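Residue numbers (my numbering), protein chains in the order written: chain B, 3 to 358; chain Z, 3 to 358; chain P, 3 to 358; chain A, 3 to 358.
Hints may be right or wrong, so weigh each one.
A pair counts as met if it fits within one copy or between any two copies, since identical chains are not told apart.
As the list claims (entries may be wrong) - With a cut-off of at most 30 Å between alpha-carbon atoms, the simulated DSS-like pairs for lysine-lysine come out as follows:
hint : residue 1 : residue 2
1    : K313      : K176
2    : K107      : K313
3    : K313      : K204
4    : K348      : K5
5    : K107      : K68
Hints are computed from structural coordinates only; laboratory data are not their basis. These numbers come from a predicted model, not from an experiment.
There are 4 protein chains.
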Amino acid sequence: MMKTAVIGAAGYTGIELVRFLLGHPAFELTCATTNSNDGQRIAEVYPGFTGQTDMVFTGHDIEKVKEGCSVAFLAVPHTAAMALVPELLAAGITVIDLSADFRIKDPLVYEQWYGTTHSAPDLLGQAVYGLPEMNRAALIQQAAGLANEGKTALVSCPGCYPTATALALLPALKAGLIKPGSTVVVNAISGVSGAGRTPSAKNLFCSANENVNAYAVASHRHTPEIEQTISQLADCALPVSFTPHLAPLQRGLLSTASVELASDIESDALHSCYEQSYATEPFTHFLSQGMPQTASVVGGNNAQVGIVHDKRTSRLIASCAVDNLGKGAATQAIQCANIIFGLDEKTGLDFIQPVL
Amino acid sequence: MMKTAVIGAAGYTGIELVRFLLGHPAFELTCATTNSNDGQRIAEVYPGFTGQTDMVFTGHDIEKVKEGCSVAFLAVPHTAAMALVPELLAAGITVIDLSADFRIKDPLVYEQWYGTTHSAPDLLGQAVYGLPEMNRAALIQQAAGLANEGKTALVSCPGCYPTATALALLPALKAGLIKPGSTVVVNAISGVSGAGRTPSAKNLFCSANENVNAYAVASHRHTPEIEQTISQLADCALPVSFTPHLAPLQRGLLSTASVELASDIESDALHSCYEQSYATEPFTHFLSQGMPQTASVVGGNNAQVGIVHDKRTSRLIASCAVDNLGKGAATQAIQCANIIFGLDEKTGLDFIQPVL
Amino acid sequence: MMKTAVIGAAGYTGIELVRFLLGHPAFELTCATTNSNDGQRIAEVYPGFTGQTDMVFTGHDIEKVKEGCSVAFLAVPHTAAMALVPELLAAGITVIDLSADFRIKDPLVYEQWYGTTHSAPDLLGQAVYGLPEMNRAALIQQAAGLANEGKTALVSCPGCYPTATALALLPALKAGLIKPGSTVVVNAISGVSGAGRTPSAKNLFCSANENVNAYAVASHRHTPEIEQTISQLADCALPVSFTPHLAPLQRGLLSTASVELASDIESDALHSCYEQSYATEPFTHFLSQGMPQTASVVGGNNAQVGIVHDKRTSRLIASCAVDNLGKGAATQAIQCANIIFGLDEKTGLDFIQPVL
Amino acid sequence: MMKTAVIGAAGYTGIELVRFLLGHPAFELTCATTNSNDGQRIAEVYPGFTGQTDMVFTGHDIEKVKEGCSVAFLAVPHTAAMALVPELLAAGITVIDLSADFRIKDPLVYEQWYGTTHSAPDLLGQAVYGLPEMNRAALIQQAAGLANEGKTALVSCPGCYPTATALALLPALKAGLIKPGSTVVVNAISGVSGAGRTPSAKNLFCSANENVNAYAVASHRHTPEIEQTISQLADCALPVSFTPHLAPLQRGLLSTASVELASDIESDALHSCYEQSYATEPFTHFLSQGMPQTASVVGGNNAQVGIVHDKRTSRLIASCAVDNLGKGAATQAIQCANIIFGLDEKTGLDFIQPVL
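Hey, can you work out the whole structure from these sequences and the hints?
Now the structure itself:
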């Protein structure tokens, strides 16, 4: 068992990491830090843990993490992560970072969208973008480094919207089916847990319930991450018009992309492309018929993808459903950690989630 | 008081018509027909009416409608409407049709999307598309015909998605700000009442709750209606890629369009265009800041519109929120009837709806 | 038009008062005070008011209220109300108080449950408990005092749970059908708007959604108010075991009481008792069949009551549904104000609320 | 691996059995029968299974079950179960029955509440009521019979409301703390999945959403089961006044009982009684502080219990939260099966469920 820390454990993503790590056969959760509930029993803050664990949240004591742990999951806000990562890596700790700090490869783009200078730009090259469907080879390479040379690894886990959007388009992008240079129009809908646990006017029940709205239009920080990822997959620059919406769901995220097709492709070929691309993926499944719904993936690491070929407008509509706290955050981080440490990718994630 | 019938009164749209007509000072509801609850008290089927009305649903007895009423609201499925309308008009009854049957001007397009030949194509020219923000002049002209020459009128009320989408884009389209020929990408989210009152696997609580999905992708019948309307507003053909979604709301509909701008327009000019366009509208309001939310318009005839100029991609993101059963159906029909009969447009609709 | 103030206008109850007063033909809202959104346009805080009013929230400037208004609705927390009321009454302003401060007739009971000494106990006798179904005569007497002698009036509006519970049991209590001295077991379920607009862990979407729990068990401050009211109606002391629950509704409140019947009464007689008791009530309706649902009364001032005679256990199960912000707060306050000022009781409240 | 059938696998309870059995290390699901989706892939009906199983629903072919399986879970309606059970037992198959048919020990009481004569009254004595917290010893005795003598067993699993109500009161009942003969007032709230998967006016999204109501008042069929269980636990007859409510939750059930205490017991003693009673239970947990919420137990087999001693009225308010499809149905059935077959009680149920 590898001693494991979750830093930022009391937020919605952090507590999902706690939940899955407590049941994981290879990672032993020894440290769950927070600056909001320091000293409280986990079961006091989240009463669902009653009878499951006596563990107590501790403060952000990084020395303690450095002494005892060999791997740390970071579920802290951006800027907080880049302040911690160099120190943790230097202490020989492998870092699975769920913040945005190491996702954007160009520090100038980071600065432009996040409004602050990157404090550890030298680590951007080392960080592997933790989307296994795209970067499994790179993750496995890290695993080799860890195993053979005693190196530490840094995985930068994708944002929730970029995860779903990349998975919706990956097969078509890799096959060169999207018209080069065309604008990719992405509309996404997220559950309210995506807005975090800090009480505000936005995430009150009476504000979010029975309500839908677009937010952060043309300014959401996941935009450059989506552009970077899909441009890399397409091997050409694809601008993205990204509009996220909030809907009255606890969890669940759907990303729907509408893109121009490169040429006269047959619908069957489109479907085959997706089917083959995802045939062996353990968590990402292509629906041969119909479009995905969030309810089918909530509670675990699965992603479901569906497409429609709109022949009338020569466009592809691709939709991907994930759990924003699962495949969009906590469980994908554990999937990456499994790969990095040479475990079966499904370790600790291999259960059938509720279906209603 | 004009004696008034609602034909198809027991569905969600029909019952909203009933609700507003029971409180209307000029229309007297004398007949509420249905083929599902014939003979039942309205308050038995919808217990919210207890103590408000003793009215009873009757069967579809068109003779009775023809004898007693001077205006009929049709909340019946497509094909049922076109079978009734000629008979009603011939009997001197003005028809406010909420079905799809007289929306599409080209009977071949109707046939293509609705899968059936139009049985009253000669009336398509006479039918006025009941979107007052677009066609107020034509509606007023009908009013004159009614008042001076004793003619009957036929108003074809827009669908819920076309209403919200047209209102989101109308100012920009009329001002020629959208790039001619570019594909208009529309993503919309509707509450579950849009799926109707007939029980099915889709509209069960346990199917729709905590769930979001796209449906009828590239095949929704509102697509040609949206294309017809926005192309008419733009005075040029604009193809539409339309993707509707279902979200766990009772009522409320948001349509978000992403479009290419024609040229280098300033953000201020865009905002001015919208502000001026909607400055005097009684029900459609432009938000000078922020994007609209459905909760702000549910329960009445209001529409709220917000825009963002995405300079980075030279696109306009425009979003409009309506109540799918209100401005998207029943109350807009009453707004049209008010105009047609020379009443103040707000008659019977002039109250402040709940704000949470 | 009587110039009218709402003090505490930005909370959920306050804003409902604002909504109904803006549409009221006799009360002219001239002043909407708040200490949370001072200086903001109402439509900025609650965007549903966009295009409906340009009114701006002002701070709690009581001098301004005293100069300009003849009636004030108080939607402030307990203790804040009793600090204001003497001053307002002295300035000749009639006060409709929605706080708890003047509900409990015994200042010692007030102190026991509210944890603070009552600062205006001399006004407790003057305050009329504003439940028209129980106290219409007393309210009309106030109206006479106002009209003929230029007196001011003080109405203390019931809490939401006491309103629903009293209406569930009133006919049986007045008819002496409940066993004297038996414990009245009340279980109630409230929507989340009852928890107020101040963000906290409890009223977050992700806390309240898909969740139900009992709270404030045996300690809820509405308990002594329910006991006082039902004991007064029964003309004997009836202890109350009151358990409120929170459910994932925006608004709506259901109170279900289980009580021992006094003797072998026939079911028909029970039903007749309720039917006659509520036959002429403008807002409270008895269901001859079935039990009430909150959805039927949300958005207005209606209450619906249903009963079941459990012959097996010789008990009466009575259930009443109200809108916690409507009949349970804002609209009942306006109903009282209508009576107090000699208006038709339904003035400004006479519309048919949405039925789904 | 024991070959296992789920009969009635396509309903909400059946599909939860399927989900947990697919992941169970000792039971091998070989047969999932239904009369509604015969021949359809499970993943087609419940798309959350996509990529998890290729299994297909089959028709109710009992011969096939009898040939291949050693245990059958019955998730069929009452009357259907009692028609099948004798045949299955005779074929040497152990039956875990989730229907109501073998819960009521007195066939006359069964007939009175279920409106039909019991067709297999001779098996009522053999059936063990599957509430492990109450009947663990009897279940273990069955296990011995199975293991040593090759007998078959029949477990009759409790209803969802009886499960939660019994667990809310069990410690106090066993300790004799409830006043003998006093009426136990039970109010419970269930999520909509409790209403089943057959579409009807009641379980439509637009009927159940934003709505709360009591139903089946004084006539719910779980009433005699609750009376039988708590009277057995108390060792004296206790009449029950049971009022179930429906709330807009997918799943989750809360039962709150208000009961007269036998004598002047101290609050501390009450708490100790509960703490000791549940100290070693694997799934049922007593909250030392606060009352339980359904969100904490949804998705698994946990139950949480909280109490308040209302000294003012000498009553105990006890509340228990379960997942109506989990501890209230499918997972409790598996817990029983684990015991019956000599497995660790937590086998296949030992994971930490989502906490928000």
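Results of checking the hints against the structure:
1. K313 to K176: both (21 Å within a copy, 28 Å between copies)
2. K107 to K313: Answer is between: at 23 Å across copies they meet the 30 Å cutoff, but 36 Å inside does not.
3. K313 to K204: between (39 Å within a copy, 27 Å between copies)
4. K348 to K5: Result: close both inside a copy and across copies, 19 Å intra and 25 Å inter.
5. K107 to K68: So K107 and K68 pass the 30 Å test inside one copy only (27 Å; across, 62 Å).
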